[in-house]
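Trainee: Sequence:
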Amino acid sequence: MSAVSMCGNTRCFATQVVRQSLQLHGRNSSGRMEKMQSRGFPLVRQYKNNHTTTTSRWQTTSIIRRRPRPQQQQPQRRQSSNSTSSSSSSNTSTGGGIGSAEPPQSHYEALIVYANLLGRFGLALGLAHCVSEYVAEITLCEGPSMLPTLRPSGEIVLIDKWTLPRIHAAAQQRQRRRQAQYNQGVAVDRTVLQQAIEDDALIDQGELRVQRARQRQRAFEEEQLQKWKEQQQQQQQQQQRQSKMEKSNSNNHNPPTHAFTEEWYEPRISVSDQTATWTSLWQLLTTPLSMGDVVVLEHPHRNGTVCKRVVGLPGDTVLRPQGLLVIPDGHVWVEGDNPANSSDSRSYGAVPLTLIQGRVLCRVWPLRGHALLQRGTPPTTRTAGAVGSTVLPAGYEGQHIVKSSRVRMQQ
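Count along the sequence shown from 1, then add 90; that gives the number in this note's numbering.
Just so you know, these hints were derived from the structure itself, not from any lab. Just to be clear, a hint being listed does not mean it is correct.
[Said to hold, decoys possible] For lysine to any residue, the following SDA-like pairs were computed, each having C-alpha atoms within a straight-line distance of at most 20 Å:
(1) Lys-317 to Gln-328
(2) Lys-251 to Gly-209
(3) Lys-493 to Ser-380
(4) Lys-251 to Thr-229
(5) Lys-251 to Pro-234
(6) Lys-493 to Thr-407
(7) Lys-251 to Gln-447
(8) Lys-493 to Arg-306
(9) Lys-251 to Gln-373
(10) Lys-251 to Thr-407
(11) Lys-493 to Phe-310
(12) Lys-319 to Gln-329
(13) Lys-251 to Ala-218
(14) Lys-493 to Gln-314
(15) Lys-251 to Leu-415
(16) Lys-317 to Gln-327
(17) Lys-493 to Gln-329
(18) Lys-251 to Leu-387
(19) Lys-334 to Gln-324
(20) Lys-317 to Ile-491
(21) Lys-251 to Val-416
(22) Lys-319 to Met-335
(23) Lys-319 to Gln-330
(24) Lys-251 to Ala-205
[Stated by the list, open to error] Distance windows between CB atoms, simulated:
(25) Ala-214 to Phe-310: 19 to 25 Å
(26) Glu-227 to Thr-369: 22 to 28 Å
(27) Arg-358 to Gln-271: 22 to 28 Å
Glycine included, C-beta positions come from ideal geometry on N, C-alpha and C.
Given these sequences and hints, build the entire structure.
Mentor: Pasting the structure below:
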């Protein structure tokens, strides 16, 4: 057969197929597929990724490329995501396959979390230790020795450990610098020594405290004497006016109402006569250790700490039944507010300043009365028949010591 006849036959065959497909339009798909198969229309056999394998009358196998429809991509993606999630869940449930990396990653993350928690816990413990060791500490004080300031059942107090050591350390550094300048001949007319005498933070040396106290006592007496003379002049002027009005002899002068008495410049006011204010708290934080401060110190003869009140500093004189005792340098005399039931310096003597851990500022719990523990002599509400030691200040020379705030207010 020639090539022209072959082309004519194929054209006729194509027209017949088109006509039959138009005639079969509207029938069921099975009948249409059978007719198309009988006429030699390619029959679909197998599907692959992007290729379709077909068979026809002229060619046993042929590959037809097809484009993926965009509408069919979404369900395929959903199926793929579902398949991946199901595979991942199966891997996690079964412990993972050979190439799965999820279980090692989860263990590593857990280790990181635990390490961070341990690091933060250790940091918190270190910070708490530093604060309690060098700044402030909350502790429980028990025992009847500080009654009525602190109850025997136990009360929680706040201890200041920051300001007191810094104040005294700075004072000692200033003293060493002054001494070096004085040895080198820099100071003129002993001004360096005078500055050391006026430094209130140098409480560990009794001689300096005695010199400072006597200088201040002289200045105080001069001031009081000047005030007393002014009062006497005012009284005499009033008496002269009254005598002129009564036409009496002007040479007769009535004696003054009161004579001049030498008083000690530093009063010893009891805590019971004071009122707690923010000024007194600021004074505790900015001044060195003074007579009347409540401190927590290590016991000199056993392990543990005690809470006492400072009643004597270096250079002060303690009146004891055995005789007079001058507190040595670098030591303090402490006693409890309840002398009838207190083991203090009356038992073990003066305590070194190095044993003091801090100064008690306030009561944290329970919430009763004034929370601030003020500076002053022990409260007056003591047990009957129990009296603490009598301590005379450094530089005392027989002056009258004021023991009540009302006396100063009247003057």
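Trainee: Against each hint, give a clear statement of whether it holds in the structure.
Mentor: Evaluated hints:
Proximity of Lys-317 to Gln-328 is assessed by CA-CA distance (about 17 Å); at most 20 Å being required, the pair is judged to hold. Between Lys-251 and Gly-209 the alpha-carbon distance is near 27 Å, which puts this suggested pair outside the 20 Å criterion. Restraint check for Lys-493 and Ser-380: satisfied, since their Cα atoms lie roughly 16 Å apart, inside the 20 Å limit. This hinted pair checks out: Lys-251 and Thr-229 have alpha carbons roughly 12 Å apart, not beyond 20 Å.
Straight-line distance between C-alpha atoms of Lys-251 and Pro-234 comes to about 24 Å, which puts the hinted pair past the 20 Å bound. For the hint linking Lys-493 to Thr-407, the alpha-carbon distance of about 17 Å falls within 20 Å, and the restraint holds. Straight-line distance between C-alpha atoms of Lys-251 and Gln-447 comes to about 7 Å, which keeps the hinted pair within the 20 Å bound. For the given pair, Lys-493 sits about 18 Å from Arg-306 by alpha-carbon distance, which is consistent with the 20 Å threshold.
Distance restraint check for Lys-251 and Gln-373: the Cα-Cα separation of roughly 15 Å lies within the 20 Å cut-off, and the hinted pair is therefore satisfied. Annotation: proposed proximity of Lys-251 to Thr-407 is violated, straight-line Cα distance about 28 Å (limit 20 Å). Between Lys-493 and Phe-310, the direct Cα distance comes to roughly 17 Å. Compliance with the 20 Å bound is thereby established for this hinted pair. A C-alpha spacing of about 15 Å is found between Lys-319 and Gln-329, which places the hinted pair at or below 20 Å, so the restraint holds.
The straight-line distance between the Cα atoms of Lys-251 and Ala-218 is roughly 14 Å, inside the 20 Å bound, and the hint therefore holds. Distance restraint check for Lys-493 and Gln-314: the Cα-Cα separation of roughly 17 Å lies within the 20 Å cut-off, and the hinted pair is therefore satisfied. The hinted pair formed by Lys-251 and Leu-415 fails the criterion: a straight-line CA distance of about 30 Å is larger than 20 Å. Pair hint Lys-317 plus Gln-327 holds up; C-alpha atoms about 16 Å apart against a cutoff of 20 Å.
For the hint pairing Lys-493 with Gln-329, the CA-to-CA distance comes to about 33 Å; that exceeds 20 Å, so the pair is violated. As the CA atoms of Lys-251 and Leu-387 are separated by approximately 11 Å, the hinted pair is consistent with the 20 Å bound. The straight-line distance between the Cα atoms of Lys-334 and Gln-324 is roughly 16 Å, inside the 20 Å bound, and the hint therefore holds. With a C-alpha separation of about 18 Å, the suggested pair Lys-317 and Ile-491 falls inside the 20 Å cut-off, and the hint holds.
For the given pair, Lys-251 sits about 28 Å from Val-416 by alpha-carbon distance, which is inconsistent with the 20 Å threshold. About 25 Å separates the Cα atoms of Lys-319 and Met-335, which puts this hinted pair outside 20 Å; it is violated. Only pairs whose Cα atoms come within 20 Å are accepted, and Lys-319 paired with Gln-330 is accepted, the gap being roughly 16 Å. Straight-line distance between C-alpha atoms of Lys-251 and Ala-205 comes to about 33 Å, which puts the hinted pair past the 20 Å bound.
The beta-carbon spacing between Ala-214 and Phe-310, approximately 52 Å, falls outside the hinted interval of 19 to 25 Å. At about 24 Å, the CB distance of Glu-227 to Thr-369 agrees with the hint of 22 to 28 Å. Checking the proposed 22 to 28 Å range against Arg-358 and Gln-271 shows it is violated: the Cβ atoms sit about 36 Å from each other.
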